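Colleague: Chain A is fixed; fit chain B onto it per the hints.
If you want the building blocks of each chain, they are given just below.
2 protein chains.
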Amino acid sequence: MKRIFEADPWKVIGNVFDNDTNEIAESIMSLANGHMGFRGNFEEDFSGSTLKGTYIAGVYYPDKTKVGWWKNGYPEYFAKVLNACDMISIHLWIDGEKVDLSKCHFENFTRELDMKQGTFTRKFDVITMTGKRVRVGSLRFVSMEKKEIGAIRYTVQPLGDSVDVRLISYLNGDVRNRDSNFDDMFWEKISVASHDGISNITMATKKTGFIVSSSACEQVAVKGVDLKGTLVSDDGLYIGNEYSSRVEPGSLFIMFKYFSITTSRDYETSEVTGKSLERASEARETRFDALLEEHRKSWASIWSYADVVIEGDMLSQQGIRFNIFHLFQTYTGHDNRLNIGPKGFTGEKYGGSTYWDTEAFCFPFFLSTAREDVARSLLIYRYNHLENARKNAKKLGLEGALYPMVTMNGEECHNEWEITFEEIHRNGAIAYAVYNYVNYTGDEEYLQEYGLHVLYEIARFWASRVNYNPRKGKYMILGVTGPNEYENNVSNNWYTNTMAAFCLRYASEAADGIRKRNPGRFAEIAGEINISDDEIKRFVTISENMYFPYIDELDVFAQQDGFMDKELLTVDDLPLSDRPINQNWSWDRILRSCFIKQADVIQAFYFFPFEYDTDVKKRNFDFYEPMTVHESSLSSCIYSVLASDIGYYDKAYELYLRASRLDIDNYNNDTEDGLHITSTAGSWLAIVHGFGGLRVKDGLLRFNPALPEEWTGYSFIIYFRGRRIKINVREDMVGATLLEGEAITIRIWNNEVDLYNDNKVIEIKGKS
Amino acid sequence: MKRIFEADPWKVIGNVFDNDTNEIAESIMSLANGHMGFRGNFEEDFSGSTLKGTYIAGVYYPDKTKVGWWKNGYPEYFAKVLNACDMISIHLWIDGEKVDLSKCHFENFTRELDMKQGTFTRKFDVITMTGKRVRVGSLRFVSMEKKEIGAIRYTVQPLGDSVDVRLISYLNGDVRNRDSNFDDMFWEKISVASHDGISNITMATKKTGFIVSSSACEQVAVKGVDLKGTLVSDDGLYIGNEYSSRVEPGSLFIMFKYFSITTSRDYETSEVTGKSLERASEARETRFDALLEEHRKSWASIWSYADVVIEGDMLSQQGIRFNIFHLFQTYTGHDNRLNIGPKGFTGEKYGGSTYWDTEAFCFPFFLSTAREDVARSLLIYRYNHLENARKNAKKLGLEGALYPMVTMNGEECHNEWEITFEEIHRNGAIAYAVYNYVNYTGDEEYLQEYGLHVLYEIARFWASRVNYNPRKGKYMILGVTGPNEYENNVSNNWYTNTMAAFCLRYASEAADGIRKRNPGRFAEIAGEINISDDEIKRFVTISENMYFPYIDELDVFAQQDGFMDKELLTVDDLPLSDRPINQNWSWDRILRSCFIKQADVIQAFYFFPFEYDTDVKKRNFDFYEPMTVHESSLSSCIYSVLASDIGYYDKAYELYLRASRLDIDNYNNDTEDGLHITSTAGSWLAIVHGFGGLRVKDGLLRFNPALPEEWTGYSFIIYFRGRRIKINVREDMVGATLLEGEAITIRIWNNEVDLYNDNKVIEIKGKS
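First to last, the protein sequences are chains A and B.
The opening position of the first sequence corresponds to residue 366 in the working numbering, with each subsequent residue numbered one higher.
The opening position of the second sequence corresponds to residue 366 in the working numbering, with each subsequent residue numbered one higher.
Note that these hints are calculated values from the structure, not bench results.
On a predicted model such as this, the values are computed, not experimentally measured, just so you know.
Each hint should be verified, as a subset may be incorrect.
Since the list gives no way to pick one copy over another, a pair counts as held whenever it fits inside one copy or between any two copies.
Said to hold, decoys possible - Pairs of lysine-lysine, DSS-like flavour, derived with a Cα cap of 27 angstroms:
no., residue 1, residue 2
1, Lys436, Lys714
2, Lys436, Lys481
3, Lys376, Lys511
4, Lys429, Lys571
5, Lys572, Lys429
6, Lys429, Lys714
7, Lys982, Lys714
8, Lys902, Lys881
9, Lys376, Lys662
So here's chain A without its partners, still in its complex pose (with noise of 0.2 angstroms):
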C-alpha cells in the first residue's frame, strides 16, 4: 500500500499530482450537505482520468435489470444514482492557453480536504508557454446550512508579468452515468435559459419524471471592480456566462460562482424553476465570506458533538475525522425520505440507497451523536416502506413484510436470485435497530406508534419462512445467504436462524408489553395488522424451536449446515497473489472455500453482547477469525469491537486502522468508484463500542474502556436520552463529564459514576 495523502488531524492532503490516482483523490475530496453532492473534481478543464459527479439525493432512474434467465420475483428494475448536471465546471484561458492540468506545465499543486471547515481547496501555478507564471486557487464548499445551495471562490493571480484571462463559468446538463450500459441519457431537457445573469438548465429524469433545477451566477472582479459577464451558449445543455479581463501583476482576477439545485421532490413542479432562480439569487445577495461563515458554524456545532479525539497517532486521527466527516455529509436526518446511499455523493456504484448497512452499521453512530430525532427518522424511513416490504414478501409467496436487500422507495431493485430472494437476513438487522433505539433511547412512544408495526411484520414473515423439520423436531431456515456473501443457498445460516429467533421474540415481547402498560393503543395496532394469540404464540414457539446449527467437538457454533465439510484452511495459508480472493478466484472456488467475507456468527455477538459469555466469544472468534478475508468494508469494524470485548487489543486495533482508513489509503483498490460510505461509522464503532466498551444494559449507560498501547489518550461524546456525556480514556485514567443535560448515573467499568451538569471531570483510575 502506498500512501496517497498526508497525515493531518484535521485535513486530507494531497500535494502530488499523479493522473493514476486523481479519482481516488475525487472520491475522498468529494463535498456533499445530504441534500446534493458533488465529487472533489477541478473547476477547470481537465482531459486526464476523472469522473466528473454531481448527484442529488433521492433522485434516481430505474434502468433495466438485466439477468441471464429471468427468475420469478426478480424487481422491474435497477435503481441508479443519478449523476446530475455539472455545475462547478469553468473553461480557463491564460494568454489565450487552455488551463488544463493534464496537458499544461504547472508546478506547486496542491489540494486538501479541511475537514473541520467542511471546504475543498486547491492551488497550482501555471507556467505558460511564453514563461509567465500565473497562480490559481480555488476554495469550494457545498452548504451545510443552506441545503440547496454551494458556492466557489475562484482566483487567477500573476506572479510575474500581466496576462489576459478569460473565464467562462458555466452549467452543463449533458451528463451520463459512467455504469450506463450503453451509454443511455438518463434525463430531459425541460428548459435552458438565463434570467437575470443567472443561468440555469431545467431537466425531467426519464421515467421517474424528477424535476431537477440547476441554477448558478457569479460575481466577477478585478482591483476590485466588478466585470460584466456575456451570455454563452448552445442549442443544447450548456450555458453560462463569459469574463475577460487584463490582470496586472499584484492584482487578482477573483470570481466567486454560487450554486443551487432544487427539485421536485421538494416543490410543485411548477416552482421548481423559480426556487432554483431564489436560491442562486438569494446565495449572491449573502455574498460569498457570509455564506461560507454560517456553513463553518453548522461543521462547528457537528464536531461540538460528534468529534472523536485521538492522541498519539496521526493515522487514527485522521482515520476517525474522515469517516465522521463524509458520514455526516452524507446523512442528516432532515428528511426521512431519503437514506444512506452506499457510496453517499461520491461515485455511481452499485445503485439505490439504503442497504442493510443503514441499521447494522450506521444507525448505532447516529443513536448516539446526533440527537435521538435522527435515529428516529431512520426508523420512519422503513416505517414508510413498510407496504412494499409487506408486496416483497408475498411476491416471494411469504407472510408479513421482508425488507428489500436494495431500494429507494421501498421497492426491492436488485436481482441476483441469491441475495434478493436469500440475504433474508436484512429483515433481522431492522428489527434489531427498533430493539437497539428503543433498548438505547427508552423510547415507548415510537415503539407504539410504529416500532410494533414493523417488528410483527418481519416475525411474521420469520414464521412463514421457516419450515418444521419433524425428523429434528426443530424449525430451520434454508436456502438463504447469510452476512457472509461468500457462501450462497445455505442452510440454517446460523446468524440468520438467531436473527430469526430474535425477531420472533422482541415482537411478542414487545406486544404483550405495550397490550400490558397501553391497552387501547395495542387494540388499535392488533386491528391494524391483524395480530391474534394464536399467532403470537405462534412465533414464541418457532423462536424457541430453532434449529441452531452446532460443531460439538469444537464447541463452536456452525455458520451454516455444511460448513465443516469443507476443506479447513486459514487465511495465512493462501499465498499473496491469491488476494484478495474475490478478485482472484472463479465464483465457485470462493463458494465452496471456508473463507469469510466478512463478519457471520460474530455479527451476532456484536448485536446481542450480553447473551453469550467471555470464552463462547473467544471460541469462536479464534475458530472464525483466521479465515475471514474482511474483502467487506462492514467486516474488519465488528471484529474489532469483538476482539476489544474479548481483550484482544492488538487485533483490535489493527483492525480499527484497516476500517479506518480504508478508503483513505485504499485498501481495496476501489476508491476511484466512491467511498463505502455505510462502512464508515464501523471505524466509530470500533472506537466506542470496541475500545470505549459502550454498552446499555436495562436503561444504563456502560464503558468498559480500554487504551489502544499505540494512543496515548482518546476523547469522545455521548448522545443519551438528553444528555451529553464526554469519555476522556488516558492509561489507567478515564475521565467523564456530563456536558449537557440532567444529573445521571453511568457504569465505567465496575463502578457506578454519577455526573452533575456541572462541566466537572470525574476521574475514575484504572479498572476495578
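Modeller: Using the frame of chain A, we list chain B on its own:
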C-alpha cells in the same frame, strides 16, 4: 390442452388458421437439413403473429453476457444462434390487392408437414374485394441430398374469373433476432447483386466474421409460357425479381424458386458468393421435380432404418415420427464441427448449439439408428474441444477438463454461476457417452485414438474438484447443481457423485486396458497427457471412497445432503393454479421446495441399468417420482424408461405420450419459441430402451419387450455392430429379423435368439 393439429401417421395437418397459434405451427412445420433451416413461415406477406426465421448451422454471434454483478470465471460472451437472410419470401398481388392472410378474406386454408417426404405444403383460396376466388398453393423443401439448396413451388390459380397476378420473389437481409436485447443488427452487408437472374446477398456476422451468401432465382410460367422477371432492389439489403401476368381461369401461374446458402465455414472467403450463385444455378438447371425426387429418396432412406411403427394408437405414432423427423433435420452427422442445438433450426431461444442433452439423450438414438460414424462424429466433436475444456477448468482454478454447459466452439457461453460453475455433472454425461459408445460398438480404435484423452482429463477434473472430509473419511463434492435445476449450490448431489465416481473408475479401467492391449499406444497417450500411476491410483482411491448421501429410514439414495430437511410433499399436493411452478413461484420457493424438475437420482438408473436391482429402483422411483413436476423436456422420457424397467407400464405409457407429444400438443406452452429438439430423442428412448428394453452387456444385444395396453403392436429397427435388426412386438409375441449384416445372437427376454442373414422373422412367444 387444446389439440391444434390433426392426428395422422405421417403428417402434421393444420386445417384451422388461428393467429394466436400461428407461431406454434411455424415451429412445428420447420424444415431443415442439418446445414440450414427455415421456420414454417408463409412465403407471401403476413402481418399477423409470426417469427420469420432462417438459421444456419455453426453461424453465431457472441452477444454480451449481461449479469447483475460480474463473477470471476464468467464467459466473455453468450453465443446467439442467428436469424439470417430471409430467402423464401415473396410479395403477391392479385388484381392489385396484396395477399396477406392477416388482412384479406380467404377460405379452405390448410397447411401440412409431410414427414415421410420432408415437405411443407399450404393451400388456401383468396377471395378478392370483387369476389373473385383464386387458389394459392405452395410446396417447400430443404434438400436432404444437396445441403446447400432448397426450393419452393408456388402456384396461383383463378377458380372463376381471370385475374392479374403480380409477384416479387426476393431476398431480404435486414433481419434481426427477436432475442436481440436492443434490436441490434448482427450482420454487415458485403454485397447485394444480381447475376444471370440470380439474386444474391452476401453478409458477414459482426465480431465472428462468418460470411454467409444467400442466392435465389426463379422459373415462372403461365400456361407453359415462361415469364421474364424484372430486377427489383433498394439501397439496402433487398433484391429480387418481379413477374406479372394476366391469368385466365383454368390456367396456372406457377413459380419455382430455388435458393442456396453457402458460408465461409465451408469455403474460402473469396469463393463464398460464387459458390452460392453456382448452387442456385445448378438447382435451376436440375429443375424442381428432379430435386424433389432426390430429396424424397434421402428421406426414404432415413425412414428405412429409423422408422418406428406403432399400431393401434395414432397419437403415439404421429408423436414418435415427428420427433425422429426433427432430429434428423437437425443433425445428420455430416460435419463434426456441428452439434444438436436446443431449438435446432426452429427458433432462437437459449443460444449456443451444444448442451449435455446431446450425450445424455440424443447420442443413444444416433448410436442405434444411424451408423457408427454419426455417433462417433458427436464424440470427435468433444475431443476437438478438449483444449477449450482444459481452459474452462483452469478458469475455475481446477485441473483436467470441464466441458462447457453451453457452447459453440468449446468455449463456455452461459453465465449463471449456479449453472456455469456448478452444473458440472455435464462432464459425467460426456464420459458416459464414451463408455456407451465403446460398450455398444466395441470400437477399441476410437478409445485409443480419442476416447482416453477425453476420459482421463475429465477424471482429472473430478479429482481436483472433490475435497476430502476427514470427519467422514470420504470424498465430497460441494457446491453443485444436479440435473434437477430446482436445487442450486447443493452439496453431494447423489447423481453428480455417482457420475464422478464412474468417470474416475472408468478412466482408470480404460487406461489400464489400453496399457495391456496396446502398450505402445498407451505410452504415447501417457506422454501426451501426462498419465501417471500415482494419479490413476488416486482416481481409484477417490472413486472407492466417494461419499453417497443416503436416507436410512427410507432405504433410498438422498438427492443431496440437505434433501431431507425439506418439507416433503407430492405433486398432488399442489393446487393446479401453482403449476408449472416455474411460472408461478419465486425462485427461492422453488429451491426450498422438494419439487424436482427432472430425473436426478433416476437419471443414474437409466445410465447404469445393471448396477441397481429392481427393488432399489422401485423404492427410489416411488419416493422421487411423486415429487417430480417434469418441467423439463428431459424428464418424462427418462422416467418412462425407468417405469418400463420396473414394470410400471401404465406410468411408462403416460410419460411416453407426454414426452413424444410435448411440442405437437404444446404441453409446456412455449412451442412458439421453437421445438425442444434435444428432448425429441427421449421419446425414442422411451420406446426402444423403455418398452423395448434394449440393453447391451458384454457385447450382447438384449431386449426385454413389453407392449403398452393402448397399442396393438410396434416395431423398430436397430443398428448394432454392422447389422440392422428389426424388432416387432405384439401381444405375447416378439418377432426379430436380421435385415442386414452377419448372423448374430441376441437375447429377447431370457431367450438367446440366433439371427441369420435371411430376412426371416424369428418369433419368440411370451416371456420365458
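Colleague: Against each hint, give a clear statement of whether it holds in the structure.
Modeller: Results for each hint:
no.: 1; hint: Lys436 x Lys714; result: both (24 angstroms within a copy, 16 angstroms between copies)
no.: 2; hint: Lys436 x Lys481; result: neither (49 angstroms within a copy, 41 angstroms between copies)
no.: 3; hint: Lys376 x Lys511; result: within (23 angstroms within a copy, 79 angstroms between copies)
no.: 4; hint: Lys429 x Lys571; result: both (13 angstroms within a copy, 25 angstroms between copies)
no.: 5; hint: Lys572 x Lys429; result: both (11 angstroms within a copy, 25 angstroms between copies)
no.: 6; hint: Lys429 x Lys714; result: both (15 angstroms within a copy, 20 angstroms between copies)
no.: 7; hint: Lys982 x Lys714; result: neither (35 angstroms within a copy, 53 angstroms between copies)
no.: 8; hint: Lys902 x Lys881; result: within (16 angstroms within a copy, 72 angstroms between copies)
no.: 9; hint: Lys376 x Lys662; result: within (17 angstroms within a copy, 87 angstroms between copies)
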